[in-house]
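Participant: Chain by chain, the residues:
Number of protein chains: 2
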Amino acid sequence: MDVLIEQVLMKLREPLHDMESISQWKMQMFTFIDRIAELKVSSTNSGSSENISLDPVDWSAARHIAHEMLDASLNFIQTIRDRPIWRPVPEDVRTILEDAPVPERSRSLADVCNDILTYVLPYPRGNIHPRYWGWVKTEGTVGGVLADMITSTINPNSAGGQFYSGYYVERAVIDWMRQLFGFPRMKNAGVLTTGTSMATIMSLAAARQRAIKNVREDGLVNGPQLMAYASTEAHGCLEKALQLLGLGSKALHLISIDDDFRIKTDQLKIAIQNDRAKGLIPFCIIGNAGTVNTGAFDDLVELSTIARTENVWLHVDGAFGSSVILDPQRRHLVAGLDQADSLAFDFHKWFHCPYEAGCILVRHGLDLQSTFSMEQSILGIVRKDSINDALPFTQLTPDLSRSCRALKVWFTLQEHGTLKIGKKIADNCDQTQYFLSLLEKSKHTIDIIRPVTLNIINFRFEPVELDTTNHELIDNLNIRLANDVQFSGIAYPSTSCIRNRSYIRVCIVSHRSTHEDVDIFVETLLKLYEIRLAKSQQTN
Amino acid sequence: MDVLIEQVLMKLREPLHDMESISQWKMQMFTFIDRIAELKVSSTNSGSSENISLDPVDWSAARHIAHEMLDASLNFIQTIRDRPIWRPVPEDVRTILEDAPVPERSRSLADVCNDILTYVLPYPRGNIHPRYWGWVKTEGTVGGVLADMITSTINPNSAGGQFYSGYYVERAVIDWMRQLFGFPRMKNAGVLTTGTSMATIMSLAAARQRAIKNVREDGLVNGPQLMAYASTEAHGCLEKALQLLGLGSKALHLISIDDDFRIKTDQLKIAIQNDRAKGLIPFCIIGNAGTVNTGAFDDLVELSTIARTENVWLHVDGAFGSSVILDPQRRHLVAGLDQADSLAFDFHKWFHCPYEAGCILVRHGLDLQSTFSMEQSILGIVRKDSINDALPFTQLTPDLSRSCRALKVWFTLQEHGTLKIGKKIADNCDQTQYFLSLLEKSKHTIDIIRPVTLNIINFRFEPVELDTTNHELIDNLNIRLANDVQFSGIAYPSTSCIRNRSYIRVCIVSHRSTHEDVDIFVETLLKLYEIRLAKSQQTN
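Sequences listed follow chains X and U, in order. Sequence positions in the first sequence follow our numbering and run 1 to 540. Sequence positions in the second sequence follow our numbering and run 1 to 540.
Just so you know, these hints were derived from the structure itself, not from any lab. Remember, it's a predicted structure, so these values are computed and weren't measured experimentally. Among the hints, a few may not be true.
Intra- or inter-copy, both count: the list cannot distinguish identical chains.
Derived lysine-lysine pairs resembling DSSO-like cross-links, with alpha carbons at most 30 angstroms apart [what the hints assert, rightly or not]:
{"#": "1", "residue 1": "Lys26", "residue 2": "Lys420"}
{"#": "2", "residue 1": "Lys213", "residue 2": "Lys278"}
{"#": "3", "residue 1": "Lys250", "residue 2": "Lys269"}
{"#": "4", "residue 1": "Lys250", "residue 2": "Lys213"}
{"#": "5", "residue 1": "Lys527", "residue 2": "Lys441"}
Between the sequences and the hints, there should be enough to build the whole structure, so can you do that?
Facilitator: Now the structure itself:
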């Protein structure tokens, strides 16, 4: 104990400089005080150990620490612009985290919190920064953090039925989405998921269920070869879903695209006819509402007509793009979506909710039930609560343990409203056009993928100083440049592969992004380009 | 504005009685102040709207509110014993939550937080209470809440690779579990999931992959009829998994159990031989480490021998029961588990982490990769980061959007350590034996399912006053009694169906539970039993 008290005295004399070090200092002090308190307690208390739960022994100390952690969280968000987007995890931190021995003994709450502040929080993925424009990763909100905190407090299993508030929160969110997307209003026909990947698996499972009535009992062996159709721009999660469902990659018939990266619907029709002629059974068309590469929208009106004519399921992958329904200027892009049999999208993308929050909506009330209800399969009946069509969520999903991820979605929508969220989508699209205009103004030769419909821009430098017929050379230059920008900590693009060439890809989804961020991004990009080009010329 | 100020004045004069109403009152005051501030701002500010992110306009007010919410959260946990376990959602609250119109306009943070305190927090599922002993639902910890708060702050997509701290946190958790369960230490052979259901789907997908090498490309049509084996006590998620994977319920061969609810391994061997003789292909044996009904453990040593001999995959469903590895007295129950090809279990059960946190471990390093890696399928290669075998998690799971649920697990293990968590398991088992002893001492005729191995006890009252040969009558009596107890708000059992009879089922998993809770539970039960019995006698 004396050693500890000595350490406290030393710590008390330590100079402090900034906000970050003050929270760390406080937390270290708490750790000491916690340890001293524990020693004091253990020297006096020798009662029954059964009564030692995992709750704090000293609630008032725990409250202190919890409030410090909340401040660390809010500071982290508030000062996000003051820090680099990310920084590599140093090798010693990696070792401390990854190579730690199995923790056998208890440590104080403060001690573990201190670890979080020292080893975890300083090395984030980076996507809450306003200039993280890689892939489609958003940033969340303060409200989202509070909602998640409350969810973990109530800690419900949202697999069951109506006897708690979170059940209705999830039903409300689903109902709102049905109204937004123009789906008929009904209960038990939508549910929150980890993300679009899982919602896609569920959608295709429902489509499979409609195509093969006895698939749950009999499986696919000896069944017909089902076929799904999507454009070559479709997201990889589709193929993954078909594989998981036992349909195999070969069940995915990829259809070529037009110059605007949209599925060629005449090719689609021919493909369906040819496949039928071969004895294959078309069961699902997948339409893109915002492709991952370029943000292209398939013609969903035309796809829904084909789906109806061919009597196959229409699934729409609207992971982030379907959110344009909130933006009056761009709503027309998803015309026809209201005719889909299923829609998969994410709240943790353009709705700005924290991970994870995806969603599946099915058009017809019974499609999730008939695919996932356990009673359906075992007893031949679907259990229904008498009031209000209140089916437990276990009957609608593969998951039997579920948190209430609806609360953060409900919170975000309640706090910000669909109008403001829609406005932020328009802002991101405007920022992307501004990005485009800066690239166009540049003196360099830059190949830009067009059209730039939404919030995504793909471009590659094709320097006259290099042999631009050497595609590998130019690919490498651009991939390395993207890497340089990522490592700058100032801006963060990702890369894409379009028409067999590598591009730098920027996708603006942050509610924090501004035109000034575009200026900073492009300035950083051009500066690093010149350095990278000079290097390329040297090595050539 | 004047109306608002008038309302504030009235509110200021309101009398207050308890902690709960104080937080509500504060939050209402904040709401008023927020609205007034907004009015003040909007009357002066007419600048560019692009700069209005979804971040708080007034950070200091937002901090106030956030700290109030944290206090509400901590109060909720600290005073859990002072409230009923749950209460039904009143119809007007249900309407407010479920029938709310799509939120178009923004509301203040305080306003939405106030809704949470008024409509959400008072109507929890109930499982954080020390006498919620229905199903297997635990309660979480203060540390778990803080960890989730920090996770939502960093808001990572943990689908990717090594460039952030949370990646190593998840790798550490997986590594600790491999050590605990005696799996060979290797990277990329485990991952966190939403729960055991998803981990089961993934495990059986990996088993299917080993049985049919080209299943990802070619699917199951025209393939062999695979067969999985489990006891009749196996959890329903198994059948759901086989259905999703396209193998169908008929791929599940249920094997009968002995008097201790353990799979009859001689029957299993015969079933495998018979199925092979019919041309079916056995591909997976599922062993139970803690069945959901009675907490029975299959003989995993014997199962692993059979699996090796028959060259089929051994999957262990250890949803909650496998956690006994932490309890030296009961560790022997999972002997043989270290020979499994896959293990699925939950951290949100006996590890006391908040929902959702499940886990899959596979024995062999490549099994997840070969099942889920996208490059594997598309390019025929698996991308590998050069350092440290750091595969991105997307290559190991069906999910492409993933939160860092590892942080709460890491936090819980770091804070409490495996020894204390093991001790709490022993405590729950002791409490269950104490529960048993109280039932045995009761003057009533009670049929108790034996053995009571773990933390689960199933019992039914068989009153001499009623016709006990009328099974439906006795079933109903016990189901209604369980319902009475649930609605008392004092104790919370669930029910089970064992040997075609209805039982009341108690499963003690809370770190907060004590022997005194058992006293209160049994006392409530017996009191309500006498009332229910009197009612039954009247209606007879």
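Participant: Does each hint hold? Answer for all of them.
Facilitator: Now the hints, each set against the structure:
1. Lys26 to Lys420: between (38 angstroms within a copy, 27 angstroms between copies)
2. Lys213 to Lys278: both (22 angstroms within a copy, 25 angstroms between copies)
3. Lys250 to Lys269: within (18 angstroms within a copy, 36 angstroms between copies)
4. Lys250 to Lys213: So Lys250 and Lys213 pass the 30 angstroms test inside a copy (21 angstroms) and across (14 angstroms) alike.
5. Lys527 to Lys441: Within one copy only: 15 angstroms inside, 82 angstroms across.
Of the numbered hints stated above, none is contradicted by the structure.
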